[in-house]
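J.: Heads up: the sequence lines are chains E and S, in that order.
Positions 1 to 247 (UniProt numbering) are the ones given, in order, by the first sequence.
Positions 1 to 232 (UniProt numbering) are the ones given, in order, by the second sequence.
In short, the hints are calculated from the structure, not lab data.
Heads up, the beta-carbon is just placed ideally off N, CA and C, and yes, glycines get one too.
Among the hints, a few may not be true.
Straight-line distance between alpha carbons at most 25 Å, and here's what the computed DMTMM-like set of lysine to aspartate or glutamate pairs gives [what the hints assert, rightly or not]: (1) 142(S) / 118(E); (2) 27(E) / 182(E); (3) 73(E) / 94(S); (4) 142(S) / 29(E); (5) 142(S) / 72(E); (6) 45(S) / 118(E); (7) 142(S) / 182(E); (8) 142(S) / 115(E); (9) 45(S) / 182(E); (10) 46(S) / 124(E).
Incomplete in silico selection of chain E near chain S, CB under 7 Å [claimed, not checked]: (11) 12; (12) 94; (13) 95; (14) 204.
Derived coverage of chain S by chain E (criterion: at least 3 residues anywhere in the stretch with Cβ under 8 Å from a Cβ of chain E; other residues may be distant) [to be verified]: (15) 125-139; (16) 143-152.
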Amino acid sequence: MLLTVNDLHKSFNGREILKGIDFQIDKGEIVVMIGPSGSGKTTFLRNLNFLEHADQGQMDFAGHQIDLAKPDKKEGQWVRRHSAMVFQNYSLFKNKTALQNITEGLIYAQGMAKDKAEAIAKHELASLGLSQEAQLYPAQLSGGQQQRIGIARATVLNPEIILFDEPTSALDPELVGSVLGDMRKLAEAGQTMIIVTHQLGFARQAADRIVFFDEGKVIEEGAPQAMFDHPQNKRTAQFLTALNDAN
Amino acid sequence: MFDLNFARASFGQILAAAPLTLLVAVVATLVGLILAILVAIAREKKIPVLAQVLAVLVSFIRGTPILVQLYVVYYGLPQLLVLMRSWGWNTNPDGLPAIVIAFSAYGLNAMANLSESIRSAYHSVDPRQYEAGIAVGMPPFKTMTQIVVPQLITNLIPNFTNIFLDLIKDTALIYNIGLVEIMGQANIVSSIGFKYLETYTDALVIYIVICWIFAKIFQLIESQLRRRYVPN
């Protein structure tokens, strides 16, 4: 297993958001997390990247054992340097160009020389068909372009795992396709990914496994076909019906 | 009637005092800015005790007239130096020039106002960008200097301009402690010919021109910085 998490608990102001999550993911595996808003999917991802600090739990990430309740600073930094995150609201650096958004992590997290980082970033932008946008600032890009830059910022770091937090939720419907296209390419390249999304069509095609979250717990998990067509749990079935009706 | 010739003749004399006005405003802003950065960091990091003490100090300075602060420093600072000498420090309370008093009082005032402006400029930078920097593995300090601080500075400029212009205008009070800046010079010149309106009009014009020039300069700097990443 690339990443194993045991008994992860997290509360905000006395309210328990995550009530003991056990989770594992293999190298190259693509796991899609679904569940109602407020069920703890995003909080779970943020705990994996130490943007939040868990109250309790154990992590094994590529052989590094980490106590999530009191992570050592070095261990936290190690995890962040070997993982990357794509955010719902893109969270691009507003004072940096598209190109600089991609090179920042290479230069300041991985200590790469600037010209080498720029060569990598330019190559990445070219492969995405975004070379024209290299010198534009986030405010000059469409939401879809911003999110594609956000994904490029994550992938150039060559992370063991990429965490996607509802990457298409803030996008206009016609822009969703290009972002999902980039994610499909990553999937084909064997990138390990955890994806929180409501895009069931994408989940069915691309995911190896679906995990259903509700009220801070993993209720059910399984292969997409089985989960979507024959959910075992009543809550899963209700949620999927509601989501399908909405679409 | 308004004596235009007197106003014209006095203008140069009054303008000659402008460098002192600018010196006090600029030094106070620089001293205030350095202190304000430290105050803002201490308060944002919520350093126990220090953060609370600074919050009280800042609200105290912001809640009292600068003229009172000037007098308190004028009479208080020498006494503090006497006290420090009794603790064995090598201070010289008798040789304290009025200009140092002015730098101290206006510097403290600038510190209080600037620290609040720095904090609000910091809060107006979307914190998710900081998280994104951390998430790609950038060290927190680098994330601050590369991503947050440049945007903070752009956000700070309008308030910084206001504070700096207020300081220029507030230095009109330092003639109370015997420093002859624009206002003090206008008083002196008018008492010679008893032509108050003329000399104060001169002072008015000088203040307006100085403030307008600085407002323009900072406005240009801000639009230059902002143009780089916010489309019109």
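J.: State for each hint whether it applies.
T.: Status of the hints after comparison with the structure:
Proximity of residue 142(S) to residue 118(E) is assessed by CA-CA distance (about 18 Å); at most 25 Å being required, the pair is judged to hold. A distance of roughly 19 Å separates the Cα atoms of residue 27(E) and residue 182(E); the hinted pair therefore holds under the 25 Å criterion. Restraint check: the Cα-Cα separation between residue 73(E) and residue 94(S) comes to about 53 Å, which exceeds 25 Å; the hinted pair is violated. Distance restraint check for residue 142(S) and residue 29(E): the Cα-Cα separation of roughly 33 Å exceeds the 25 Å cut-off, and the hinted pair is therefore not satisfied.
The straight-line distance between the Cα atoms of residue 142(S) and residue 72(E) is roughly 20 Å, inside the 25 Å bound, and the hint therefore holds. At roughly 34 Å between alpha-carbon atoms, residue 45(S) and residue 118(E) are farther apart than 25 Å, so this suggested pair is violated. The hinted pair formed by residue 142(S) and residue 182(E) fails the criterion: a straight-line CA distance of about 29 Å is larger than 25 Å. As the CA atoms of residue 142(S) and residue 115(E) are separated by approximately 19 Å, the hinted pair is consistent with the 25 Å bound.
Using a Cα cut-off of 25 Å, the hinted pair residue 45(S) and residue 182(E) is violated, with the two alpha carbons roughly 39 Å apart. With a CA separation close to 41 Å, the supplied pair residue 46(S) and residue 124(E) exceeds the 25 Å bound. Of the supplied interface hints, the one on residue 12(E) is violated, with its beta-carbon coming no nearer than about 16 Å to a beta-carbon of chain S, more than 7 Å. At a threshold of 7 Å, the smallest CB-CB gap from residue 94(E) to chain S is about 6 Å, leaving the interface hint in force.
Contact between residue 95(E) and chain S, as hinted, is supported at the beta carbon level, the nearest pair being about 5 Å apart and thus within 7 Å. The restraint placing residue 204(E) at the interface with chain S is violated, with a minimum CB-CB distance near 28 Å, outside the 7 Å limit. Only when three residues or more bring their CB closer than 8 Å to a CB of chain E does the claim for the segment 125-139 of chain S stand; here the count is 12, and the claim holds. Restraint check on the segment 143-152 of chain S versus chain E: 5 residues with Cβ-Cβ distances below 8 Å, three needed, restraint holds.
Of the hints listed earlier, those the structure fails to meet are numbers 3, 4, 6, 7, 9, 10, 11 and 14, in rising order.
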